[in-house]
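Asks: Work out the full structure: start from the sequences and follow the hints.
Here UniProt numbering is used: the first residue of the sequence shown is 1, the next is one more, and so on.
The set of hints was computed from the structure by calculation and includes no laboratory data. Bear in mind the structure is a predicted one, so any value in this text is a computation, not a measurement. Check each hint, because a few of them may be wrong.
Think about it this way: if two alpha-carbon atoms lie no more than 30 angstroms apart in a straight line, the pair counts; the simulated DSSO-like pairs of lysine-lysine are [what the hints assert, rightly or not]: (1) Lys-24 <-> Lys-223; (2) Lys-110 <-> Lys-99; (3) Lys-115 <-> Lys-260; (4) Lys-116 <-> Lys-244; (5) Lys-213 <-> Lys-223; (6) Lys-244 <-> Lys-291; (7) Lys-24 <-> Lys-212; (8) Lys-244 <-> Lys-260; (9) Lys-99 <-> Lys-115; (10) Lys-99 <-> Lys-223; (11) Lys-167 <-> Lys-24; (12) Lys-115 <-> Lys-223; (13) Lys-116 <-> Lys-260; (14) Lys-110 <-> Lys-244; (15) Lys-212 <-> Lys-167; (16) Lys-212 <-> Lys-260.
So the derived label-pair ranges between C-beta atoms look like this [as the list claims (entries may be wrong)]: (17) Lys-24 <-> His-253: 35 to 43 angstroms; (18) Pro-102 <-> Asp-217: 26 to 34 angstroms; (19) Cys-10 <-> Glu-271: 45 to 53 angstroms; (20) Lys-115 <-> Asn-196: 26 to 34 angstroms; (21) Cys-10 <-> Lys-212: 27 to 35 angstroms; (22) Tyr-276 <-> Ala-204: 41 to 49 angstroms; (23) Met-11 <-> Gln-219: 27 to 35 angstroms; (24) Arg-95 <-> Glu-208: 30 to 38 angstroms; (25) Gly-277 <-> Tyr-203: 41 to 49 angstroms; (26) Ala-204 <-> Ser-113: 31 to 39 angstroms; (27) Gln-219 <-> Gly-274: 42 to 50 angstroms.
Backbone N, C-alpha and C fix where the C-beta goes; we use that ideal spot for every residue, glycine too.
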Amino acid sequence: MSNPPLIENCMTSIDVSIEQVDIKGQYVQLAAPIHLLGQLNISELRAQYLVNAEEGVEQTPLQVGVDEAGRGPLLGSVNVAAAVLPAAWSGLIERQPLKNTPLSILTDSKQLSEKKRDVLYPLVQQHAIGCVVAEIPAAVIDQVNILQATMLGMRLCTEVLLEEIVKHLITDRIETSHTASQMKHHAQIQVLYDGNRCPDLDYAMLDEIGIKKSAIDCQAWVKGDARHTSIAAASILAKVSRDKTMYALDAEHPEYGIAKHKGYPTRAHMEAIGTYGVLTAHRRSFAPVRKALEN
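Replies: Here is the structure:
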């Protein structure tokens, strides 16, 4: 029997620009907007993660992987990505859930060549249930520091993706009130962050859209991009999207050699700063850039 055709407009785009954030009840005006871009496969989301509670079927846990790229460079954004893979593809890499899938070579992006990352990037976008990438610009990094900027990116990616997921589950044919109740009481969502800490999510906002705090299990995994498929997928999206912005900057400022060093503090990069000065995209709060401005 052939597979049924996908419903029309099964893919919806995610395009959000955030200029203010609510941090512990206080609105903070960001020094520059944070842009989040992504997509959601509505038909696959409903097919794999929406279960009618009346059938007594246990719902498949929805696993979100989150990772970042670009904490160390002196130049440009830090990029954060979140990804939800098909249920059968989610899990520990060592258990090989990706065997014989289009993402079979997926692992920690740092362990892959740039060529392999570039091959995987569109495949992750094509096969993920949902994904979103946030670019946190240098101005915001300077405003709140690199750790907080990264945590903010992780938080926003998680919230924006979950909000989009819930929106499309609740608009299914099942009664809205029934589905919202189902999300509150039956959904189990694992959010897996690469690193040693989880961001502080806006649980009040999540509760308003139908996700109780008790339904979300946030976990921090050191070197998680080499352990979980969903984090590995997010690592590809974050790394390649950031590289794309670096190549765009290189085209604007070829004298800085950005395509080679990607903004990291190499000797060639430091010499270029000394010769040509500091760009708008440089992170002025980072010591080498700050010293260059003082000289």
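Asks: Which of the numbered hints are not met once you compare them with the structure shown?
Replies: 16, 26
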